[in-house]
Amino acid sequence: MNRQIFLITFFSILLALTIIADARWNNMFYNFVVLANQFPISNATTPQECCNACVNNPSCLQWGMDGRGNCFNYMDTTNLPSICESTTTPEVNSGNIRCGGNQCQTS
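Take the sequence shown: its letters are residues -23 to -1, 1 to 84, numbered as in mature numbering (1 follows the signal peptide of the UniProt record, and there is no 0).
It should be emphasised that the hints constitute simulated quantities derived from the structure, not laboratory data. Treat the hints with care, since some could be wrong.
To be verified - Quick list of the computed label-pair ranges, beta carbon to beta carbon:
| id | residue 1 | residue 2 | range |
| --- | --- | --- | --- |
| 1 | ASN33 | THR64 | 23 to 29 Å |
| 2 | THR22 | THR66 | 23 to 29 Å |
| 3 | GLY46 | VAL10 | 16 to 22 Å |
| 4 | GLU62 | THR22 | 46 to 52 Å |
| 5 | GLN(-20) | VAL10 | 31 to 37 Å |
| 6 | VAL11 | GLN(-20) | 55 to 61 Å |
Note that the Cβ used here is the ideal one computed from N, Cα and C, for glycine as well.
With the sequences and hints as input, model every part of the structure.
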């Protein structure tokens, strides 16, 4: 009986930590960005919504919010180098999703 209580408690805590981790982002941003691969997301007004918009779009590689609260998703476009081939820098309210990053998790 004690073992069952322990396991239930352990897995409940593990589940709670997983849920908390899924609601965050890594604040890393790939530097190669031009207007051709930057797409505004008008219905995302918070960093979490912006991150979720990128996760929900299979073409989105990274996301970021500018200083005015505007959300942008970034995708590779033809005739340009891949975003994922550039270097990263720390950037508040941003994250890379499909360049080896985590899905809306903080580092």
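Verification of the supplied hints:
Checking the proposed 23 to 29 Å range against ASN33 and THR64 shows it holds: the Cβ atoms sit about 26 Å from each other. Between THR22 and THR66 the beta carbon distance is about 24 Å. The supplied range of 23 to 29 Å therefore holds. Restraint check, GLY46 to VAL10: a C-beta distance of roughly 18 Å satisfies the suggested window 16 to 22 Å. Against the hinted window of 46 to 52 Å, the Cβ-Cβ separation of GLU62 and THR22 comes to about 31 Å, which falls outside the hint.
At about 52 Å, the beta-carbon gap between GLN(-20) and VAL10 misses the expected band of 31 to 37 Å. Taking 55 to 61 Å as the suggested C-beta distance range, the pair VAL11 and GLN(-20) conforms, at roughly 57 Å.
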